[in-house]
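These two chains come separately, so use the hints to put the complex back together.
Residue numbers (numbering that gives the first Met the number 0), protein chains in the order written: chain A, 0 to 333; chain P, 0 to 251.
Read the hints as simulated data drawn from the structure, not as lab findings. There's no promise every hint is true.
[What the hints assert, rightly or not] Beyond 10 Å from chain A on every Cβ pair, some chain P residues (computed):
1. Met-0
2. Leu-11
3. Val-23
4. Leu-26
5. Ser-137
6. Tyr-144
7. Leu-184
8. Val-201
9. Met-210
10. Leu-220
11. Ser-231
[Unchecked claim] Some but not every residue of chain P turned toward chain A, in silico, with C-beta under 7 Å:
12. Lys-9
13. Met-83
14. Thr-85
15. Glu-87
16. Thr-88
17. Phe-90
18. Ala-92
19. Pro-93
20. Arg-247
[As the list claims (entries may be wrong)] If you want a taste of the chain P side facing chain A, the calculated C-beta under 10 Å gives, among others:
21. Arg-1
22. Ile-2
23. Lys-8
24. Ser-17
25. Trp-249
Glycine is no exception: its CB is placed at the ideal position from the N, C-alpha and C atoms.
Spelled out, the chains give:
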Amino acid sequence: MTGRAGFNRGPFIFHTHALSPNMIKVQDLTKQYAGRTAVDHVSFEVEPGEIVGFLGPNGAGKSTTMRILSGFMPPTSGRAAVNGYDVYHQSIEVRRSVGYMPEMAPLYTDMRVKEYLRFRAELKGLSGKALRHRVGEVMDLCAVTDVRRRLIGNLSKGYRQRVALADALVHNPPLLILDEPTNGLDPVQIRQVRELLRSLRPAHTILLSTHILQEVEAVCDRVVMIHQGKIRAVDTPDNLTRKLRAASLVQIELQGDGELLTLLETLPGVRKATQDNELDGWRFISLRVEARHDVREALAEMAMIQKWKVRELHRQLPSLEDVFVELAASEPVK
Amino acid sequence: MRIFWVLFKKELRAFFVSPVAYIVLALVMVLSGYSFRAALSVLESAPSEGSIVTWIFQPSWFWLSYFFIFPLLTMRLFAEEKKMGTFETLFTAPVHAWQVVWSKYLAALFVYCVLWVPSYINFEFVDWITAGQVEIPSGGLKGSYIILLAMGMFNLAIGCFASSLTSNQIIAAVISFTFSLMHFLAGLFIMVVGRKVSESFVDIINYFASMEHIRTFTNGLIDTRPLVYYSSLAVLFLALTHQVLEFRRWRP
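The following block holds chain P by itself, in its conformation from the complex (with noise of 0.2 Å):
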């Protein structure tokens, strides 16, 4: 356990002293700070179905830039070391490659939970301003952040994968960006085949559609099944990164 607290620390210090960390943040913030521009604006012409949160993170605009942040989190977290050659320091120090994985990632996590403080101090601001006449529904802002952290673990784990297959940033970056993207379209599938095809049919793309999960997690309901689905593929993912570092050890 002191081993991942040294490694979390050095990982954690590695975002914030280079400019990556700042750089999503930045993204992140110009990303909510027009998605809560536009969802107000929104609010203010007409009267409308939504709440400011579902206006928020529902929007194509939203996912536009969400999955840019993913490959910028992840890409160096095991590419740059195999690039450096400190992958050969790293483990001929006394250290599992759980501990080295763990690390890595929950420090990725991290930092992608920071970025998405920003967006809860302008439904706070918005709140503040209007002296609470804007309607913030408490349910679906709490929905809104536990999908978000929920998703933010699957891609997270996609993308430390893609870093530990190669030594390249970009094609880490590229691979996890395909991975994620790919599987956001599959489930977008659905809203073009429409549901002619067969109950059961959209019955199973709705377990991986994540338009689908933000859509009832931001009206406020909270279903495990997404949740569930996310975190259990986090943990695969990280277990063939896992894997992936130990190749070196495995023997015919």
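Next comes chain A alone, as it looks inside the complex (with noise of 0.2 Å):
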């Protein structure tokens, strides 16, 4: 029935099975898209048992990325095998390694909890008494077994996300691939959440997708960092935060004259003064500063000697997003 779209009929099947344990080897990995690029030339491993983020704001490439691997459609080039099996010559093997949680969590909104289970899990192999036993647990596992004769089309969001996870475990793969797994649920259910995967770790490889940080200090090992398509960061939580807190942001609003801006730029750590605005005399201005720096006290005695009228002086750690801001400036990591 196949032709060149068939499956297991490649010339190059990419065996990486015997050569190393890597559950995600990505090479190279670039999709584009009608001529936009949405995932560029990205390389990065992933050892069994680890559970990585997949940190980056929105239309970073995660999804795509995800998509990739978990064999819904091929890169344009580059290569990326899944538990030792090639994403496009060996797809259905990769299918079978995967259990795969879109974003939003699409689910027929006209089956029942248990119903749709049943189905994904005859769909993914399993039959009889395993499947009735494997489905009670991945019910249990996802605490979804008190709707489980209610039509997921009138769950909450919260329940559905958790039927799409149980969705996701149900044929018990090593690789887990989440995107966003925790989008829409209340604080309790993203604790809970959490605390499921953690206790996934031994048997299964995890690979999730978040824009939030916390998220990622809580449960990953190792984090990807993503942006416009091209990895900019691959570490760990700790040190990743750590470089994330390097470039703290001050704010003043002082009265003062002329000069001051290359005045204050003189003060040890701060990497560039700017004025963001001036209003009936005062003067609003940050500084960036760099890491492992507080800028405040220097400031204050600066402000002294200068005679300058300070009327509020604060420091903001970055957000994310000046996070993203700064990695999208920077360099790419090869």
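Printed below as a string of structure tokens:
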């Protein structure tokens, strides 16, 4: 039935199974949509048993990479292997190894929860007693047993999200790829899901995407930060947050004369001083400050010496947005 | 094969859980009931050449509603999956595209076959009521259902293809309705132009003239050419559907 789009028939079957123990191995992955490059020469690896966070703003290329890794569509160029199988040539094997939960958790709204999970489990090759047992197990695990007879269409977002998670888990895949698994959940549910993910750790490798920094800190062993289709950082959350906290912002409102900006820039640790606004003689100035520097004291001293009138001095830790802005300006990691 | 059955059961269930199957069934029952009543009154009022079978399946009122069946049955098949995003969950499960295409198509075909059961009951019914006084030609009856199945295969495949092209069910319905109707009207061309143009032209047109096909089949003449024509076109459109689904997997 299948021609060139067939499975298993490619000339270049990409075997990494024997060569390396990577659960995911991505090399120079590129995906282009009609002239737009969504993922641009991305390379990274995920070891078995790891929980890796895919961090990036919306439209960074997270979902595209995850779709490629789950066998939904092929990359334009480059290679990706999951559990030793090539995502293009061994798509079916890849799909058996992956439990994928798409963004927004799409489900058949006219089915009941248990019925849906049974259907998905059958599709993924379970049957008979094993199927019944496993469906019950994942329903308990994802706390959807109490809604098992309800129509999915009538469930709240939180329940739907967890039904989708149960679906991803149902065939007990070695790798879980979860696209924003906590999106739309309330804080209690978010904590439950994070605990669940942590509890899956020894047996399952997890790649999850998020744009919430705390989530990465809470569950991930490693973070792959992606922006505009390129990898900006691959590191542990600790290192990353330390780096992120690096550049902080100090905002001041003061009255003083002319050369004040250049004076401020002489302070140790100040990278750049800019005037944002001026109102009734008060100048609103922001200072970008280097890693592990706190310039507030030095600043106050300088203000005293220069006889500036200060009415506000405030240090702002960078938001994730600031980090991305900064990362976007930086060179991508090779 | 197991995957195919799982998908087939799910598709069939979707037809009968949603009101779609029942609405189309009601439509077809009204249609066949009316055709039946009209055929009886024709036969009652005057001696006629045709049998009850030809009077049911040939007149224009039959065709009027016939082409509404296909968009209704097929528009949902792929468009809904695309709209709801379940396309992604479906194709990240270990399924082949052909399994999806055939399961959806055959489920629609199954429902289509179910639709004609009431009309067959009508024939049994009239036979029972009149104690066999109305002559029902068994060859014509068989022929009618065979050609209905063949035309259904073809038009449902068009509907599948239309549904795979878009995520909007209305657009899918319009495309499939237009295609089916255009095919039918192209076959009608011969009635407009007549046999004046040329004999070979008429022969060509006759290959896809649904009116002509149903005329021969309801008279009990089972011709294999239309059957091959409709089933091969059905396979062609299903292959196209398969290509559309696999399009995302194409590489430059």
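Do the hints match the structure? See the list:
1. Met-0: At roughly 13 Å from the nearest Cβ of chain A, Met-0(P) sits farther out than 10 Å, so the non-interface label holds.
2. Leu-11: At roughly 12 Å from the nearest Cβ of chain A, Leu-11(P) sits farther out than 10 Å, so the non-interface label holds.
3. Val-23: holds, 17 Å
4. Leu-26: holds, 21 Å
5. Ser-137: holds, 38 Å
6. Tyr-144: Holds, because the least Cβ-Cβ distance between Tyr-144(P) and chain A comes to about 29 Å, which exceeds 10 Å.
7. Leu-184: holds, 33 Å
8. Val-201: Given a closest Cβ separation of 37 Å, the condition holds.
9. Met-210: The claim holds: Met-210(P) sits with its nearest Cβ about 34 Å from chain A, beyond 10 Å.
10. Leu-220: holds, 34 Å
11. Ser-231: Nearest chain A Cβ is 16 Å from Ser-231(P), so the label holds.
12. Lys-9: holds, 6 Å
13. Met-83: Interface hint status for Met-83(P): holds (5 Å vs cutoff 7 Å).
14. Thr-85: Constraint on Thr-85(P) satisfied, holds at 5 Å.
15. Glu-87: At 5 Å from the nearest chain A Cβ, Glu-87(P) passes the 7 Å test, so the hint holds.
16. Thr-88: holds, 6 Å
17. Phe-90: This hint holds: Phe-90(P) lies near chain A, its Cβ roughly 6 Å from the closest one there, short of 7 Å.
18. Ala-92: holds, 5 Å
19. Pro-93: Status holds, d = 4 Å.
20. Arg-247: Result: holds, 5 Å to nearest chain A Cβ.
21. Arg-1: holds, 8 Å
22. Ile-2: Ile-2(P) check passes; min Cβ-Cβ to chain A is 6 Å, inside 10 Å.
23. Lys-8: Because about 8 Å separates Lys-8(P) from the closest Cβ in chain A, which is inside the 10 Å limit, the hint holds.
24. Ser-17: holds, 6 Å
25. Trp-249: holds, 7 Å
Hint compliance for this structure: no hint is broken.
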